[in-house]
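Novice: One letter stands for each residue in the lines below.
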Amino acid sequence: MSSALRHPLPGDASRATPDVRLSVEQVSYAYAPNPSQAPLFTLEAMSFQAKPGELVAILGPNASGKSTLLKLISGALLPLSGRIFLNGFETHSLPVKTRAQRIALVQQESRLLFPSRAWEFVMQGRHPYGGGLRFESEEDILIANNAIAQVGATQLADRWMDKISGGEKQRVILARALAQQPLLLLLDEPTLHLDIGAQVDLLESLRRLAAQNRYTVVVVTHELNLAGEYADQVVLLQRGKCLRVGPPATVLQREILEQVFQAPLSVEITPSGRPRVTLFTNK
Amino acid sequence: MRPLTLTRLLLRCGLLALILFAVVVVAMKLGAVQVSLYGLGKDLISVLLHRTSSLSSDYGMIVLGIRLPRIVLAIFVGASLSVAGVSFQALLRNPLADPYVLGISSGAALGSIVALIVESHLSLSPEMAGLITPVGAFLGAAVTIAAVYILGRRDGQIDSTTLLLGGIITASFLQAVIMFLMTTLSGNNLRGSAFWFMGDLSTPQPRSLQYLLSFGFIIAAGAIYTTASDLNLLLAGEKEAMHLGVDVPRVRIVVYIAASILTGLAVSVSGTIGYVGLLVPHVMRLIFGSDHRMLIPACALGGAIALLVADTLARTVTSPTDLPVGAVTALAGAPLFIYLLRRRIA
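From first to last, the protein sequence lines stand for chains H and V.
Taking the numbering used here as reference, the numbering of the first sequence is continuous, increasing by one, and the terminal residue is 298.
Taking the numbering used here as reference, the numbering of the second sequence is continuous, increasing by one, and the terminal residue is 390.
Calculated directly from the structure, the hints in this document are not laboratory data.
Check before you lean on any hint, since a few could be wrong.
Stated by the list, open to error - Lysine to aspartate or glutamate pairs mimicking EDC-like chemistry, simulated, CA-CA at most 16 Å apart:
1. H:112 to V:291
2. H:86 to H:270
3. H:112 to V:199
4. H:86 to V:282
As the list claims (entries may be wrong) - Away from chain H, derived, C-beta distances all over 12 Å, residues of chain V:
5. 158
6. 191
7. 210
8. 279
Unchecked claim - Computed footprint of chain V on chain H; a stretch qualifies when at least three of its residues, placed anywhere within it, have a C-beta under 8 Å from a C-beta of chain V:
9. 111-119
10. 129-142
11. 148-159
Note that CB positions come from ideal geometry on N, CA and C, so glycine has one too.
Here chain H stands alone, though its shape is the one from the complex (with noise of 0.2 Å):
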């Protein structure tokens, strides 16, 4: 990269309106293993916005562009044209520790080498502020410990990351993403390894945290019916492209989910306004 990217443009500051946080802009993407190679896997240009406080859901089949636009996001991967825009700046551009100061994500796995028990997992949360040798602050542990009290992990701080369970685990991972006191927290399929009950559990918080912290969320998940139930916005991709973007009720429809997932299915809509999928087995 080169250096004057690492500082927003003139004019980028003018872009951050009040009330949008989150600005993709027609953001495309090529992956291919050699340059000289036609590219394995595209992204289409596609824009969406979102506000603080909102929830996106980034739905679609396995291998529609859902993680990758994520990465996108994160500015883990440069755009191939188009911006994305955090607060203004160009999330790609901000230098590593800013970045972290500003999106979370929390990924699939976190593995560990050597056991830790999930206060110094989460204490890993405040890395950004500080640097090199520094030892935590009273400030530090106090956010810290915030964090694990907001998921309901009080109970959880002195244990053995490796001995606790996969709900409990992703309940700490996600309080870790909380410490970096972020602007835009991002979850690639956080729903993943868990149960039923632990799935809405997880829903409810994201939903509760993006409302009293205004955080922007975005999740990517292959759950239709919590993105239906939680999202604000619904950005449904099939193999790299996007084909619709907003409410969930407008994108949850049951032609186009047919079309996306190959499989017959039917969506009514709650009493709430929320529509709801039910998937046919017998094709």
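Chain H is already provided as a structure; the job is to place chain V on it using the hints.
Specialist: Same frame as chain H, now just chain V:
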């Protein structure tokens, strides 16, 4: 929740430093010439307090002129190997990584042998000639770790098993090359190089090399220590560390170069000593946990203690003959390692 504080760090390091001091005094006492522990302790303290300027002439020459340089050598080599070990374990995300197992020590050994052969064809001043082996050893270590790193990658990710096997195979290949080169050396040098090859601290080192070893250690270990909290996150994976604000490429290059320097320096003065870089970090991790801000200084002090104990045994057990210290570390290290391995699984 009890995060590490500076006070706790210094207290623990102070305790380890006291143990090291006690081991140093005992190591000064033990040897072919008997020295009374009480008299030595009393004399040392009065020297430290500047009451007298030198030890009693009865044994001062032996203790300060012969035993102390070897003790200092053991301290720096032990500390270097152990800090290199803990760094490689974090850098390669592999708990079994260590300069010896991964063949990095063998690479450094080959590097210094090649440097010696090259040196014999050049006409250098003795001072310069002494410094050519550590440079060769550093280059050998750096090239080997790069090779092992590339061998251990699969689909862009480091694969633990492939990495270890790659390292072990690299080590045995390099050792065969070293054997080949050693047999072509003159018979007179053979016993010396065989000893050195197994790890040996008995050869007196020139002043310039002693300075290089101590300053090199301070700079390289200091550089690694500045990345201590980044290494904590690197254990969770490079991508994850990046998302938590770690400048991964910078940390990787700093640790890679500094750990190669440490290995190169240690090997150029003492040959390939095994197990110190593997076991000391594990024992320290069991005692102090896996926070590198505590672990790195603990490994430096613990490595110094371990190698000094091993070397003192090496020169006293079969007195008046010396054992190569590498044989002692392997004799003690292998069973201890098996014990730790079983304990962790159970």
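Novice: Against chain H, does residue 279 of chain V keep a CB gap of more than 12 Å to every residue?
Specialist: violated (5 Å)
Novice: Given the proposed pairing of residue 112 of chain H with residue 199 of chain V, does the C-alpha separation stay at or below 16 Å?
Specialist: violated (27 Å)
Novice: Regarding the pair residue 86 of chain H and residue 270 of chain H, is the alpha-carbon distance no greater than 16 Å?
Specialist: violated (29 Å)
Novice: Compare the distance between the alpha carbons of residue 86 of chain H and residue 282 of chain V with 16 Å, and conclude whether the hinted pair is satisfied.
Specialist: Within the cut-off at roughly 14 Å; holds.
Novice: Has the given pair, residue 112 of chain H with residue 291 of chain V, been kept, meaning a C-alpha gap of at most 16 Å?
Specialist: Status holds; Cα separation ~8 Å.
Novice: Quick check: do three or more residues in the segment 111-119 of chain H have a beta carbon closer than 8 Å to a beta carbon of chain V?
Specialist: This one holds; 7 residues, not fewer than the three required, reach chain V with a Cβ under 8 Å.
Novice: Minimum C-beta separation from residue 191 of chain V to chain H exceeding 12 Å: can you confirm that?
Specialist: holds (23 Å)
Novice: Once the closest CB in chain H is found, is it more than 12 Å from residue 158 of chain V?
Specialist: holds (35 Å)
Novice: Between the segment 129-142 of chain H and chain V, see if three or more residues pass the 8 Å beta-carbon test, and mark the coverage as holds or violated.
Specialist: holds (count 9)
Novice: In terms of beta carbon proximity below 8 Å, does the segment 148-159 of chain H have 3 or more residues touching chain V?
Specialist: holds (count 7)
Novice: Can we confirm that no CB of chain H comes within 12 Å of the CB of residue 210 of chain V?
Specialist: At about 18 Å from chain H, residue 210 of chain V clears the 12 Å cut-off, so the statement holds.
Violated hints, in rising order: 2, 3, 8; the structure is consistent with all others.
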